[in-house]
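Protein chains in written order, with the working numbering: chain A, 1 to 137; chain B, 138 to 452.
Calculated directly from the structure, the hints in this document are not laboratory data.
Some hints here could point you the wrong way.
Claimed, not checked - Label-pair ranges, simulated between beta-carbon atoms: (1) A:Gly-114 x B:Arg-172: 32 to 42 Å; (2) A:Thr-117 x B:Ile-246: 18 to 28 Å; (3) B:His-250 x A:Thr-117: 26 to 36 Å; (4) A:Lys-4 x B:Tyr-186: 27 to 37 Å.
Said to hold, decoys possible - Over the 12 Å line for every Cβ pair with chain A, so calculated as not near, a few chain B residues: (5) Glu-332; (6) Thr-358; (7) Arg-359; (8) Glu-362; (9) Asn-363; (10) Glu-399; (11) Lys-434; (12) Ile-442; (13) Ser-443.
Note that beta-carbon positions come from the ideal geometry of N, C-alpha and C, so glycine has one too.
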Amino acid sequence: MADKVVRVLVGKPGLDGHDRAAKVMARALRDAGFEVIYTGIRQTPAQVAQTAVQEDVDVIVLNNLTGAHLEVFPLVVEELKKRGRDDIYVLATGVIPFEDVEPLKEKGIDEVFGPGTGPIHVINWIKEHVLGEKQGE
Amino acid sequence: MSKKKRLVLTEEEVFRRLIQGDEVGLARALSMIYREEATSSLLSRIYAYNADKKHKSKVIGITGAGGVGKSTLISVLAEALLKKGLRIGIIAVDPSSPKTGGALLGDRIRLQHLFPNPNLFFRSFSSRGMVGGINPFIFDAVAVLEAASFDYIIIETLGIGQDEIDIVHMCDLTALVIAPGLGDDVQFLKSGVIELVDLIVMNKSDLPTASRTVGILNSYTRMVENHPDIIKLSAYKKQGIMELIEYIDNKWQELLDNGSLEKRRMERWKFQVGNWMRYIIGKRIHKFVEKGEVNPKASPYEIAISTLKEWGCEV
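Isolated chain A (complex conformation) (with noise of 0.2 Å):
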């Protein structure tokens, strides 16, 4: 059997050009040695969750930094419920101010990466919760 392969969607949902940070992650996260798609900018949250039902992916690695997270993430998460595939982690990364978090995560946010952290703290989150491997600080 072949090593375990994490496949991984970066998605963008709502209306939002900036891909820089998308771009970023998902180059950071093919160096970890993951299979990335990426959605392009502009989706809408059936776009990102079909996507992820046909690419199969272990996480969603969503990001938007317009301020429209608290509504359009969830719906993501509504859209993979309707699928059958809530079971596909999804994590929210951007310009997320900290009295979000919890109410992301009250609607099926696995975690929020917001300022002050980078790719290395979503590679290590991947690696500890599809991979199974212990992350030392």
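Fit chain B to the given chain A structure using the hints.
Just chain B now, kept in the frame of chain A:
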């Protein structure tokens, strides 16, 4: 942090959902094959199911150098086919890193605007370092899509050079996409994939430099007896797409009627047996070489022969 309960499907569930065209089952079947978790019994069921099935998918290969517009062409092709009410399954291959094994699979960006759509399925694969532009997993992936009864199955290779011909062996019909300004006429004199494809699609034919490339192409086809057909189009401007679909449908029907399709599919099956043998033995060779001792005084050829004999191979 609570750990999620991940979706686990039995082989039976995967097979049942796959043949119903269910996306979750289809996606999981492809993952199992790719992760080498697909027991041979799942693949055996799929091949047996396909052989008995009346409905045949049209398996179309799209290949060509990086940047000629393969993804854009597939996007407009898929859009036009969806409008006809057909179901389309697409597999696209992008390179994986020789250093980390990681990959950035970006081919679906060109057609994300067509989603969500229940009639369109797209799966990105990494090349996993296989030469020839295609790995044995992709062959079996085509069988999986056939089991899901798509009308069209489109395979997009990664950007190729001149020698990656495996795609021709796995498709009913293969198109080589070219664009203006890619080298002089000597490029068309060289051997390789250009000799084997059914069709050359001259993309970006709206560019001013296109006429020169067309001239070169014509001088090439004048010299060759069984040359591939040529279709000029512009994927970006959506010009010539209906003509391409008409060509594919007519050609496919012609191959079906004169028995060539059946022959090609038999060849494909044989080729895949060889693929798997090469892959499996290749892994064993890799392991042997990795831990083998170095003896600069011995001839590498002798070591290779004596080792293969030890393994019981006739050499």
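Task: Non-interface claim for B:Lys-434 versus chain A (Cβ beyond 12 Å) - done: holds, 36 Å
Task: Minimum Cβ-Cβ distance from B:Ser-443 to chain A exceeds 12 Å - done: holds, 30 Å
Task: Beta-carbon spacing of A:Gly-114 to B:Arg-172 - inside the hinted bounds 32 to 42 Å or not - done: Holds - the Cβ-Cβ distance for A:Gly-114 and B:Arg-172, about 33 Å, lies within 32 to 42 Å.
Task: No chain A beta carbon within 12 Å of B:Glu-399's - done: holds, 31 Å
Open item on the list: Does the beta carbon distance between A:Lys-4 and B:Tyr-186 stay inside 27 to 37 Å, or does it fall outside?
Closed with: holds, 28 Å
- [ ] Evaluate the condition: distance from the CB of B:Glu-332 to the nearest CB of chain A exceeds 12 Å.
- [x] holds, 33 Å
TODO: For the range 26 to 36 Å, tell me whether the beta carbons of B:His-250 and A:Thr-117 fit it or not.
DONE: holds, 31 Å
Open item on the list: Just to be sure I understand the hint, the distance between the Cβ atoms of A:Thr-117 and B:Ile-246 should be within 18 to 28 Å; is that true here?
Closed with: holds, 26 Å
Task: Distance rule for B:Asn-363, whose beta carbon must clear each one in chain A by more than 12 Å - done: holds, 38 Å
TODO: Could you let me know if the closest chain A CB is still more than 12 Å away from the CB of B:Arg-359?
DONE: holds, 42 Å
Open item on the list: The output says B:Glu-362 does not contact chain A. Does that hold with a beta carbon cutoff of 12 Å?
Closed with: B:Glu-362 clear of chain A: closest Cβ-Cβ about 43 Å, beyond 12 Å.
Task: Minimum Cβ-Cβ distance from B:Ile-442 to chain A exceeds 12 Å - done: Since the minimum Cβ distance to chain A is about 30 Å, B:Ile-442 lies beyond 12 Å and the statement holds.
Going through the hint list in order, the structure satisfies each hint without exception.
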